[in-house]
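Required output: the full structure, derived from the provided sequences and hints.
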Amino acid sequence: MKDLRTISVTVNGTPYSREVETRRTLADFLRLDLKLTGTHLGCEHGACGACTVRVEGEAVRSCLMLAVQTNGKSVATVEGLAKDGKLTPMQNQFWEKHGLQCGFCTPGILMTMTEFLEENPDPTESEVRDALSGNICRCTGYQAIVDAVLATAAQARGEQ
1 MKDLRTISVT VNGTPYSREV ETRRTLADFL RLDLKLTGTH LGCEHGACGA
51 CTVRVEGEAV RSCLMLAVQT NGKSVATVEG LAKDGKLTPM QNQFWEKHGL
101 QCGFCTPGIL MTMTEFLEEN PDPTESEVRD ALSGNICRCT GYQAIVDAVL
151 ATAAQARGEQ
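Just so you know, we're using the UniProt record's numbering here: the sequence shown kicks off at 1 and counts up by one.
Bear in mind the hints are in silico, worked out from the structure with no lab data behind them. Backbone N, C-alpha and C define an ideal beta-carbon position, used for all residues, glycine too. Treat the hints with caution; some may be incorrect.
[Stated by the list, open to error] Cut-off 16 Å, straight-line C-alpha distance, at most; resulting in silico cross-link-like pairs (EDC-like, lysine to aspartate or glutamate):
{"#": "1", "residue 1": "LYS73", "residue 2": "GLU96"}
{"#": "2", "residue 1": "LYS2", "residue 2": "GLU21"}
{"#": "3", "residue 1": "LYS73", "residue 2": "GLU58"}
{"#": "4", "residue 1": "LYS97", "residue 2": "ASP147"}
{"#": "5", "residue 1": "LYS2", "residue 2": "GLU19"}
{"#": "6", "residue 1": "LYS35", "residue 2": "GLU79"}
{"#": "7", "residue 1": "LYS86", "residue 2": "GLU96"}
[Stated by the list, open to error] Quick list of the computed label-pair ranges, beta carbon to beta carbon:
{"#": "8", "residue 1": "LYS2", "residue 2": "SER126", "range": "45 to 51 Å"}
{"#": "9", "residue 1": "LYS83", "residue 2": "LYS35", "range": "16 to 22 Å"}
{"#": "10", "residue 1": "PRO15", "residue 2": "ASP130", "range": "32 to 38 Å"}
{"#": "11", "residue 1": "ASN92", "residue 2": "LEU64", "range": "29 to 35 Å"}
{"#": "12", "residue 1": "HIS98", "residue 2": "LEU64", "range": "27 to 33 Å"}
Given below as structure tokens:
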């Protein structure tokens with residue numbers, strides 16, 4: 001017998017109330033129940049970072065969090081970054097600096113780096129690399145991602 005709970009959660013500014021199985025991960029809730037497929041599942045044990053979303057402003061691995069844990073909370077996914085079809089400065093820099101190739105890791109990296117730049121608006125290259133260490137990218141070699149994050153920070157400071 002399934003153990004079900006009703007949760008109320010706000011995702012990307014939209015409130016939802018859904019009945020979910022208590023063991024359903026946040027990643028599966030977002031992808032399967034809300035059809036927000038930008039959150040990717042790679043390793044499903046928190047090591048790759050592809051499933052990173054923000055809960056109450058904090059980057060979390062949605063494969064390790066249960067949907068019921070978000071009851072009454074706010075969740076942001078990659079789909080919520082662009083507003084009115086306009087990409088964020090970081091999304092634009094990823095485009096300009098070729099910070100993505102296959103794109104599988106990109107949503108998690110964007111969510112991680114968005115929080116990172118809010119906390120550290122003037123990072124060094126070493127700090128960016130350290131912040132990226134929890135996100136695995138098999139295509140880019142990271143340099144273009146680092147360049148995009150540093151360019152985003154410089155742009156926000158008015159240096160570009």
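Going down the list of hints, with the structure as the test:
1. Taking the CA atoms of LYS73 and GLU96, the gap is about 34 Å. The hint is violated against a cut of 16 Å.
2. Distance check on the hinted pair: LYS2 and GLU21 sit about 6 Å apart at the alpha-carbon level, within 16 Å; holds.
3. About 11 Å separates the Cα atoms of LYS73 and GLU58, which keeps this hinted pair within 16 Å; it holds.
4. Proposed proximity of LYS97 and ASP147 is supported: the alpha carbons are some 7 Å apart, at most 16 Å.
5. Note on LYS2 and GLU19: the hinted pairing holds, with a Cα-Cα distance of about 11 Å set against a maximum of 16 Å.
6. Pair hint LYS35 plus GLU79 holds up; C-alpha atoms about 11 Å apart against a cutoff of 16 Å.
7. Only pairs whose Cα atoms come within 16 Å are accepted, and LYS86 paired with GLU96 is accepted, the gap being roughly 15 Å.
8. The hinted window of 45 to 51 Å between LYS2 and SER126 holds, with their beta carbons roughly 48 Å apart.
9. The supplied range of 16 to 22 Å is met by LYS83 and LYS35, whose beta-carbon atoms lie about 20 Å from each other.
10. Checked against the hint of 32 to 38 Å, the pair PRO15 and ASP130 passes, with Cβ atoms roughly 36 Å apart.
11. Restraint check, ASN92 to LEU64: a C-beta distance of roughly 30 Å satisfies the suggested window 29 to 35 Å.
12. The supplied range of 27 to 33 Å is met by HIS98 and LEU64, whose beta-carbon atoms lie about 30 Å from each other.
Hint violations for this structure: number 1 only, all remaining hints satisfied.
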